[in-house]
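There are 2 protein chains.
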Amino acid sequence: MKLTILGCHSATPRENAHTTSQLLEVQGDLFLIDCGEGTQMQLRKSGIKFARIKHVFISHLHGDHFYGLIGLISTFRLLGRTAPLHIYGPKGIKEIIVLQLKLAKSWTDYDLYFHELDGQESELIFENEKLTVHTLPLDHRVYTNGFLFQEKPGLRQLNRKVADSYQIPSCDFENIKAGNDYVLEDGTVVSNSELTQDPKPTKSYAFCSDTAYKEALVPLIQGVDLLYHEATFLEKHQDLAATTKHSTVIQAATIAQKAQVKQLIVGHYSSRYKDHQMFLEEAYPIFEATHLAADLKSFEI
Amino acid sequence: MKLTILGCHSATPRENAHTTSQLLEVQGDLFLIDCGEGTQMQLRKSGIKFARIKHVFISHLHGDHFYGLIGLISTFRLLGRTAPLHIYGPKGIKEIIVLQLKLAKSWTDYDLYFHELDGQESELIFENEKLTVHTLPLDHRVYTNGFLFQEKPGLRQLNRKVADSYQIPSCDFENIKAGNDYVLEDGTVVSNSELTQDPKPTKSYAFCSDTAYKEALVPLIQGVDLLYHEATFLEKHQDLAATTKHSTVIQAATIAQKAQVKQLIVGHYSSRYKDHQMFLEEAYPIFEATHLAADLKSFEI
Numbered sequence: 005m006k007l008t009i010l011g012c013h014s015a016t017p018r019e020n021a022h023t024t025s026q027l028l029e030v031q032g033d034l035f036l037i038d039c040g041e042g043t044q045m046q047l048r049k050s051g052i053k054f055a056r057i058k059h060v061f062i063s064h065l066h067g068d069h070f071y072g073l074i075g076l077i078s079t080f081r082l083l084g085r086t087a088p089l090h091i092y093g094p095k096g097i098k099e100i101i102v103l104q105l106k107l108a109k110s111w112t113d114y115d116l117y118f119h120e121l122d123g124q125e126s127e128l129i130f131e132n133e134k135l136t137v138h139t140l141p142l143d144h145r146v147y148t149n150g151f152l153f154q155e156k157p158g159l160r161q162l163n164r165k166v167a168d169s170y171q172i173p174s175c176d177f178e179n180i181k182a183g184n185d186y187v188l189e190d191g192t193v194v195s196n197s198e199l200t201q202d203p204k205p206t207k208s209y210a211f212c213s214d215t216a217y218k219e220a221l222v223p224l225i226q227g228v229d230l231l232y233h234e235a236t237f238l239e240k241h242q243d244l245a246a247t248t249k250h251s252t253v254i255q256a257a258t259i260a261q262k263a264q265v266k267q268l269i270v271g272h273y274s275s276r277y278k279d280h281q282m283f284l285e286e287a288y289p290i291f292e293a294t295h296l297a298a299d300l301k302s303f304e305i
Numbered sequence: 005m006k007l008t009i010l011g012c013h014s015a016t017p018r019e020n021a022h023t024t025s026q027l028l029e030v031q032g033d034l035f036l037i038d039c040g041e042g043t044q045m046q047l048r049k050s051g052i053k054f055a056r057i058k059h060v061f062i063s064h065l066h067g068d069h070f071y072g073l074i075g076l077i078s079t080f081r082l083l084g085r086t087a088p089l090h091i092y093g094p095k096g097i098k099e100i101i102v103l104q105l106k107l108a109k110s111w112t113d114y115d116l117y118f119h120e121l122d123g124q125e126s127e128l129i130f131e132n133e134k135l136t137v138h139t140l141p142l143d144h145r146v147y148t149n150g151f152l153f154q155e156k157p158g159l160r161q162l163n164r165k166v167a168d169s170y171q172i173p174s175c176d177f178e179n180i181k182a183g184n185d186y187v188l189e190d191g192t193v194v195s196n197s198e199l200t201q202d203p204k205p206t207k208s209y210a211f212c213s214d215t216a217y218k219e220a221l222v223p224l225i226q227g228v229d230l231l232y233h234e235a236t237f238l239e240k241h242q243d244l245a246a247t248t249k250h251s252t253v254i255q256a257a258t259i260a261q262k263a264q265v266k267q268l269i270v271g272h273y274s275s276r277y278k279d280h281q282m283f284l285e286e287a288y289p290i291f292e293a294t295h296l297a298a299d300l301k302s303f304e305i
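Here the protein sequences come in this chain order: B and V.
The opening position of the first sequence corresponds to residue 5 in the numbering used here, with each subsequent residue numbered one higher.
The opening position of the second sequence corresponds to residue 5 in the numbering used here, with each subsequent residue numbered one higher.
It is possible that part of the hints are untrue.
For identical chains, the list gives no copy identity; a pair is met inside one copy or between any two copies.
As the list claims (entries may be wrong) - List of simulated lysine-lysine pairs, BS3-like, C-alpha gap at most 25 Å:
no.: 1; residue 1: Lys-218; residue 2: Lys-165
no.: 2; residue 1: Lys-98; residue 2: Lys-278
no.: 3; residue 1: Lys-109; residue 2: Lys-49
no.: 4; residue 1: Lys-278; residue 2: Lys-181
no.: 5; residue 1: Lys-266; residue 2: Lys-53
no.: 6; residue 1: Lys-249; residue 2: Lys-109
no.: 7; residue 1: Lys-106; residue 2: Lys-181
no.: 8; residue 1: Lys-181; residue 2: Lys-49
no.: 9; residue 1: Lys-106; residue 2: Lys-95
no.: 10; residue 1: Lys-218; residue 2: Lys-240
no.: 11; residue 1: Lys-262; residue 2: Lys-181
no.: 12; residue 1: Lys-207; residue 2: Lys-58
no.: 13; residue 1: Lys-156; residue 2: Lys-278
no.: 14; residue 1: Lys-218; residue 2: Lys-98
no.: 15; residue 1: Lys-301; residue 2: Lys-49
no.: 16; residue 1: Lys-218; residue 2: Lys-249
These are calculated hints, taken from the structure and not from any lab test.
Given the structure is predicted, the values throughout are model-derived calculations rather than measurements.
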């Protein structure tokens, strides 16, 4: 898994402060998470072949998280896209996009699927052979979800030396990697544990923006490899965090610490802070493995 | 009048190629014309105090001309705007903006007025003490208007030396500048033509994007000081211009020449052209006073 931050600032896009959007690469598949105004320009800057994006997840319908979506959909058409595109987001997102296409007498030459969300509990919303995506219901001023990306366990890893010592033909390898024992011609059973090792460890990523402090998240994201949690404010502005239903960096770090995640990235900074070093200084005493999000910065998971 | 090009490229915004938006300053008032995605970032780059914008004119509902509008409206709220904002654009624009505000449970703390257009003839849509704005119906794939900005004639210019020679008190100056003669105490009439000169010449600006070649524009923009006319294609792509209802640069120059405008700016370049010098070379034989639009370039009128 590789995460690229396209924008990590709140409210309004500025020249060097783009609003929320992230690109998650999982075993070659690209997933876009949120899409603030200008995201398509950030995608171009990132150098990623963004036509490969097939799934877009929108947390909520505040502008700094989705005003760039209609432009991206239009650009995909202009670039000659034919692959289907799936949009996951709050109820209402389809009406907005379709109305804009209709009034522009525009269309897409590719299939555009909307998966509208209105559940109040975490639910599975996407699954393929490599991973699952679950919603993470958040606590914000409008209906908002975070998203949990979890790789599925792969096949067991064949110990080729041992397999060859039993002269096992390669056509049986997939069966063994799936966990089965092997029976030799003389009837001897070679146990799977002798032939294989555990699969490579799976990775997981949780995206949580925007939200007030919500302890109910803790069991849902327990032990994830990487957590992005919004941290709009420093402690001195905790009153603002409360009234706007955002988090302070201390609250973000507390969630990370309670959920025993491996790494934490914070972002969605209020524009009142010119320097973000204080976010680290407030987080460190609670959760040391904290990193600052920055536009076009990548993280390997 | 001063025109600042914020973006002048067609279709999709790229890092150094912003879609259509222009800022026209008339005697201290700011008018925004079209608002492609990222316009608010271009406004910040321009250094102009864009909170002063009170009137926004949208030519048509294709994304490269208005996807930045909802973001600008939201940003005005976040910046604490209280002054009213007036939006002029095709029927449907209100529905799009209001739907997005509603689904975001958002609002504006300032009054937001929509003036929806659906006329087929040129009409007066705005007037204050300094200028008038008329629509310029264009020929595009969706309902589209250009806009004609015309300064009103100002007051006559007082010849202060002559006024002083008659010992005319300054409280009577406004009356004289309005065109009236002056009667001295002994009953002598001093004619206005002796006391004043003609008002400063008025200026006019016509914005025409997007459109196929439309000769009916010529009488509407006759003699304007500055014409912006879209020129999406070079002559070798005239077939594309025809099918997409855009203009070639030769067509733009022909309109300028027939309307005897003083200066022409061309823009809305197709992304297929990396270098725009050829646009000038094709325009010059027809209309020499042609200039290339460029992002963040300003023109004094």
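Subject >> Violating hint indices (sorted, rising) >> reply: Those not satisfied are hints 1, 2, 3, 4, 5, 7, 8, 11, 13, 14.
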